[in-house]
Amino acid sequence: MLDNLKIFVRESWLLVTAALLCGLLLAATNAALGPRIQMNKTLKLTNLAAGLLPEAKNFVPLPEPIEVKGLDGKPEPAVVFKAVVKDKVVGWAFKAVGSGFADKIDLVVGVDASFNKLTGYDVVASSETPGFGDQIKDAYYRGQFAGAPAERFNLVGFGAANAADIDSTIVAISGATISSTAVVQAMNHYLPQLKEQLQQKGLIPNDNNP
Amino acid sequence: MTTTPDGQTGLYKDAVANGLWREMPVFGMLLGTCPTLAVTAAVKPALTMGLCVIFVLVCSNIMVSLMRKGLRPHVRILLFTLTIATFVTIADLFLRAYQPVMSETLGPYVPLIIVNCVIIWRAEARASNSGLILSIVDGLAMGTGFTIALCTLAVIREILGTGRLFEIQVLPTTFPAWAAMGMPVGAFLTYGFVLGFINFMKRKRV
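Chains as they are written, first to last, in the numbering used here: chain A, 1 to 210; chain B, 1001 to 1206.
No wet-lab data here; the hints were simulated from the structure. Among these hints, one or two may not hold up.
[Unchecked claim] In silico BS3-like cross-links for lysine-lysine, where the CA-CA straight-line distance does not exceed 25 angstroms: (1) A:K95 with A:K195; (2) B:K1044 with A:K44; (3) A:K104 with A:K41; (4) B:K1044 with A:K6; (5) B:K1202 with B:K1013; (6) A:K195 with A:K57; (7) A:K104 with A:K57; (8) A:K6 with A:K117; (9) B:K1044 with A:K41.
The shape of chain B in the complex, shown without the other chains (with noise of 0.2 angstroms):
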């Protein structure tokens, strides 16, 4: 992390920058592969399982950096847990009282989000040792950018999986749809070639 001449701004800008592409959680640094593998099938749940990260990333940071003057190391990964788990709830039952549907659809992996290391990481890394500006900036970015990353994969894997995409034809008709996409291999397979021309888009630049 940089710090700049007008001091917070820089950290600001530091802070969205790592979010959405230094550090991003899955092409960056490979965290939160689970729900990534899990729920980019289609772009609807990899949207709604961004948003309820973003909830819970920004909800989180919150909680922790205003807690973090009383932190005890000792408590510290208890408190952690404690906060995330208590809005990845709040999190689950709002989508099950509003979208019922796709709280069926994202089954397990909405509670799941609890062990996501990507919130613990910014708990441990931004929000336990910054003010609360700059955890919800961090909260915000990160979130962002795991979810611009859900949503990638799942329009690849939509597109070739069913030709559709949010439920409108956008290949040929004549197009085969590749039933692989839809299933645990297209995900690997998708994500393997978005991170390998990721970083080969990196080293080019260096």
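Next comes chain A alone, as it looks inside the complex (with noise of 0.2 angstroms):
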């Protein structure tokens, strides 16, 4: 037993010493770098998210994090700022997570002061194919949310559906039938959540009791 550990020992303790000092090097370098990398992405989605409220002079996180469902069932913190100018909210944007064909899909969503009609979304991070699903970026798709209600969104065939009518019932892009389905299903995912959120924190008007 005690040769086992020495033989053990002997072989793998550069192994084990090396692990720890590279796990060790990685930590302190996460340590500084990530509050860095963090703010990065979140001046990408504001960045992003002027472009669905262009009207909106900046985007302030709410003061008090509210916890949403994942897509897979567990509780996350939501990613959430009010568009204000001049203390007046004039929209909201969202982050919001689709799982696509390739990986998962993060989109960041435009919605007005009331949260009952889209400005539109904006893709933050994708690895769709080119070509196909990253067909999700461009206008044909992303139009057909701008301006249409805040509520559940269906999804329909290519051809199915006028692409052109605002409203919610979404026309798939042809060949990217995964990655369609993971924007509509992003948006069906968390915009009922956020709404109920905000709703109970008096942030937006309530539906039964505007």
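Combine both chains into one complex, guided by the hints.
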């Protein structure tokens, strides 16, 4: 037993020590750069949100964080910003995550001040196939959401409805059904949850008690 | 590798000559071709990739050289991979923190440096049996050779593909930009022609 332990230590001490050192080095680097990376992500999100809510002068995070259920059903902190002009709320921007063909799709979604109408969405990060799934970044698909009611969306096949109609029916991208579904699924997953949470906090008018 | 009467100096000179010409990773040994083809559509990403590879090569060579006396054959590759992966992750985090746009442009190719054969080749062939200074010189030379190769291809592709270099117009605006040069086909063609030219020059010298 002792001999086995000696052999193990003799053969693996360098690997164990190197793994510990590398782990420490990575932890230190992550601790040093993590806040800056997070700040870059937030900056990118708000820059994209500014394109969805052009009248907004500033994007302010909520004073109290709110929690929503993620796609996997586990609770996660919601990333929500108030779009403001001189303290007046002109809209809302939030991050939504969809399950795409290659990986998760991170979206930023813009909604009007009363949370009734979408101003659109933009793609923060995606690894969808160029020429197919990445068409979710194009005007054809994104345009269907701009001005649409902030309620449950239905996805229909290409040609089953008119894509130019701004309503809750979304026409899928031909050859990219999974990516199209991911965007609609993200909207349907996050919109009602956030609306309910913001209504509960009194940040937006309640539909039943305006 | 040759040894000269002045010993170490000859080894250093050899290491530099190997990295920059004789065993140049991309044109001499045909190693690291994945990033060579993928990130050379423009000079900026090519240069960034080259600098990342230099950083990882030098750091992993330092660490492997320091560990060389304790290396056991069966954990050797495991240790090399651990070391390389650590420094690649640090380079990736640094880019994400200070060059987020470039980090997105390079996409998965920075994390993929982990599987770049040039780095594990130098760890095995040089750092695992050489002193610290020689390993550093080797890493710098090989990394610089790799960067020069990437930038050579990128200069050709960017100029012919866009008529611009570092976002400055260098060809007359009447020049019809060859869009194919920005695509994978342009990468393969440019690599092939440059490689053919280098081989032609080498044979001519012989």
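Now for the hints, and whether the structure bears them out:
About 13 angstroms separates the Cα atoms of K95 of chain A and K195 of chain A, which keeps this hinted pair within 25 angstroms; it holds. For the hint pairing K1044 of chain B with K44 of chain A, the CA-to-CA distance comes to about 21 angstroms; that is within 25 angstroms, so the pair holds. Note on K104 of chain A and K41 of chain A: the hinted pairing holds, with a Cα-Cα distance of about 15 angstroms set against a maximum of 25 angstroms. Between K1044 of chain B and K6 of chain A, the direct Cα distance comes to roughly 52 angstroms. Violation of the 25 angstroms bound is thereby established for this hinted pair.
Distance hint between K1202 of chain B and K1013 of chain B is fulfilled; the C-alpha atoms sit about 20 angstroms from each other, no more than 25 angstroms. Our distance criterion of 25 angstroms between C-alpha atoms is met by K195 of chain A and K57 of chain A, whose separation comes to about 23 angstroms. Under the criterion of a C-alpha separation no larger than 25 angstroms, the hint pairing K104 of chain A with K57 of chain A is inconsistent with the structure, at around 30 angstroms. Between K6 of chain A and K117 of chain A the alpha-carbon distance is near 69 angstroms, which puts this suggested pair outside the 25 angstroms criterion.
Taking the CA atoms of K1044 of chain B and K41 of chain A, the gap is about 22 angstroms. The hint holds against a cut of 25 angstroms.
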